[in-house]
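Q: In case you want the letters, here they are:
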Amino acid sequence: MAQALNRAMRDAMAADPAVHVMGEDVGTLGGVFRITDGLAKEFGEDRCTDTPLAEAGILGTAVGMAMYGLRPVVEMQFDAFAYPAFEQLVSHVARMRNRTRGAMPLPITIRVPYGGGIGGVEHHSDSSEAYYTATPGLHVVTPATVEDAYGLLRAAIASDDPVVFMEPKRLYWSKADWNPEAPAGVPGIGKALVRRAGTGATLITYGPSLPVCLEAAEAAREEGWDLEVLDLRSLVPLDEEAVVASVRRTGRAVVVHEANGFGGPGAEIAARIQEKCFHHLEAPVLRVTGFDIPYPPPMLEKHHLPGVDRILDTVARLQWED
Amino acid sequence: MTVQELPGAGASHRSTPPPAWRPRTDAAPLLPDPEPYRVLGTPAAEKLDADLMRRCHAELVRGRRYNAQATALTRQGRLAVYPSTVGQEACEIAAALVLQEQDWLFPSYRDTLAAVARGLDPVQALTLLRGDWHTGYDPREHRIAPLSTPLATQLPHAVGLAHAARLRGDDVVALAMVGDGGTSEGDFHEALNFAAVWKAPVVFLVQNNGFAISVPLSKQTAAPTLAHKAVGYGMPGRLVDGNDIAAVHEVLSEAVRRARSGGGPTLVEAVTYRIEAHTNADDATRYRGDAEVEAWKAHDPVALLERELTARGILDEQAVQAARDAAEEMAADLRERMNADPVLNPMDIFAHVYAEQTGRLREQADMLRAELDAEEQS
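Protein sequences, first through last, are from chains A and B.
For the first sequence, position 270 (counting from the first letter as 1) is numbered 266 according to the working numbering, and the numbering increases by one without interruption.
For the second sequence, position 312 (counting from the first letter as 1) is numbered 313 according to the working numbering, and the numbering increases by one without interruption.
No lab work stands behind these hints: they were computed from the structure.
Estimated spans, in silico, between C-beta atoms of each pair:
id : chain 1 : residue 1 : chain 2 : residue 2 : range
1  : A       : P48       : B       : T222      : 18 to 24 Å
2  : B       : Q101      : A       : V190      : 55 to 61 Å
3  : B       : A223      : A       : E177      : 57 to 63 Å
4  : A       : D42       : B       : A323      : 48 to 54 Å
5  : A       : H119      : B       : Q365      : 34 to 40 Å
6  : A       : F274      : B       : Q365      : 19 to 25 Å
7  : B       : G263      : A       : Y79       : 33 to 39 Å
8  : B       : A69       : A       : Q270      : 56 to 62 Å
9  : B       : T286      : A       : Y79       : 35 to 41 Å
10 : A       : D42       : B       : A366      : 41 to 47 Å
11 : B       : P151      : A       : P48       : 19 to 25 Å
12 : B       : G233      : A       : S87       : 22 to 28 Å
13 : A       : S87       : B       : A323      : 41 to 47 Å
14 : A       : S87       : B       : I350      : 16 to 22 Å
Chain B residues, not near chain A, derived (Cβ > 10 Å throughout):
id : residue
15 : T17
16 : P30
17 : A81
18 : D122
19 : A285
20 : R336
Even glycine gets a Cβ: it sits at the ideal position worked out from N, Cα and C.
Start from the sequences and build out the full structure, keeping to the hints where you can.
A: Right, dumping it as C-alpha cells:
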C-alpha cells in the first residue's frame, strides 16, 4: 500500500504542476513511513518540501498556497500529531468555500496516517476520523486495499474540496497485484464496495478493520453465518444507498471500526440504518468498536482493537429473540 | 565561584563546541530601534512627498468618517457588531496604500477599513459584520483574503500565498495584519518562522493598540517590544509610531520593497491606540482611565498629519474641506445602501459546502425547502 500511495502522488505531480507535497520529513527522508520516498528527488524541493516542524503552520501555509491556485498534499506524519492543525482545519480549510460563496474552494489533501496495531507508543495510534467527519466542508476517505490506496488518493488530489485522507498505517505493508493505470472499482470519492457478498448479516467497516471483518466472515461460515462485508471507503460523503441496500438484503447489521464507539462513525451509521431500514431489520444494529478510552499502551492494544472473536461474539447476538 | 574557577575546569579539559553551536553574528541589524520611528514633527518631514501626503490625508479623513458611520450603523442595528479603528486609521490606510494591484492583503476582523482603502466596496466589506454572508466579496478579484475572526490564523495563509506566488515566478507581496493580542497565538509564531525559513515575500503588520479586548500589553508579553520578536525568527523588526501615517507608510514601503526584491519577511510593530471600545459590546471604562484615552486623542493621526501639511503649505483649507465633503458623500452612500434590508435566499446555506452536494445535504435542503413552502402558504 505504501508504494501505491507513493505512486499516486508521483503520478498526480507529473500530471499537474500545481500539485505540491509538503510536511515534516517528506523530502530528503521520504517520510517516516517512506510514503513520499523519491518525490523530492524527482520533482525538486519546491514541489516536495520539508517544512518546519509545525502542523498548524504546514496546513496554514497550504491554505495560502491553495488560495493562489496550487493543490497542496499535506502529510501529518501521525494521527495525534495533526491536532495542532485543528484550528486551521476547522476554521479555514473546511469552510473557505462556504464563507466565500464558492469563490475560493481549497483543493487540499491532508494525509493522516491513523490507527493502531503497529505497536506505536502513546500519541501514535489514534483513530481520529470522528473529529473530521463532524466537520462540515471536509471529505473524509480511507482506503483498505492497495488498489484503493492509489485510486482514492488520486481522486482526493483531484478533488476541488479539501479531503482528509486517512491512511490505515497497519495496512501500509499489505501487498497485492494492482494496476496503477486502472484501479478497478474506484469511481471517485463516496462509493462503498461490497467486498464479500452474503445473506445473513452485513458487516459495515472501513480502513484497518476491513481485513479483520473479512477474516471474521470466513470464520463465521463454520457457525452457519453467511456474512456480507461492506467497505465504506468514504465516511463523508457516506454511501447510504449501498448501506441501505445491503442491510435491506440481509436484515442485520454490525458496524466495525477501531475508533471509540461513543460518537464514532458507527453511531451515525447505526442511526441512519434504523431510520431507513427499520422494517427490514431482524435485529438491532450492533457495533464493534474501540473502547471509549484513550488509546492504550502498545502491550495492551490487542485488548482494545476489534478482533475476529469480538466480531463473531457480536454477530452471535444478532440471533435476536424477544 | 565562576565556572573557570571550578576545580578541573582548566583549559586542557575544555572541548570546543561544534560549529553548529555558534549563534549567527548578524543579528544586530534585525533589532528594532529603541524608539518608534517618526516623521511628522521631525526634520525628516522636510522630504515629504506632497502628492502622497495629500492622498493619505484624504484617505484618513474618509477613514475617520467611515468609522463613525459604521459605529452609527451598529447603534441602529444594521451591523451586529463593529470593531472600530478610530485612532488607528493611519495603520489601516498605509497598509492599503503600500501595496500594488497584484499584491495581497490579509486583514483581521478589525481591518475592514484597510480593505475599503484598498478599493473594496464598503458594503461588501461589511457583510461579515452585518451578518448576511461571511465574506461579501471574491477574494481573488480584489486580492483581499476574507476578514479573519480567529486570531493570527490568517498569517500562515499570507505566507503560503506569497510562497506559492514566488514559486510561480510572480511578483506578489502579501501584507498580513494582526493585533497585539494575536502575537501571543501559536499561528503567529508558526507563520513568522515559516516565512523566515522560506524567505517568503511577506510583511507582518502588528497594530499594537494597547489592549486585547481588556488585557493590556504588559500582561500579553514580556518582550521589550513586539518588534523585538522578529530577531528570534531571523527577520528584521521595525518599530513605528502607528499614528504617524508618513512614518508607517515609509516603514511598510521599505518592508514591501525588501519582500519584493527577495529579501524576505519583515515584522513591523505600529504603536497606536484604540480610542473606542473593542466593539460596541465592550465597556472600556472597566480597564482603562480617561486620562490615558485623552492623551492618545491628543496624538490623533488625522490631526497630526493635518497640522504638518498645513504648516508646510501642502494642504489648504480648501483641500481639507474637499476631503471632508468626499468623506460625507461616502458616508451618505454607505448609510443609504446599508439601510436597505439585504435580500437573502435561505437555501443558500446549502449551496457552498461542497463542490457537489452530498446526499445528506440534499435531504436537509429538501426539509428546509418544505418548511419555507409551508411558511409561504400560511
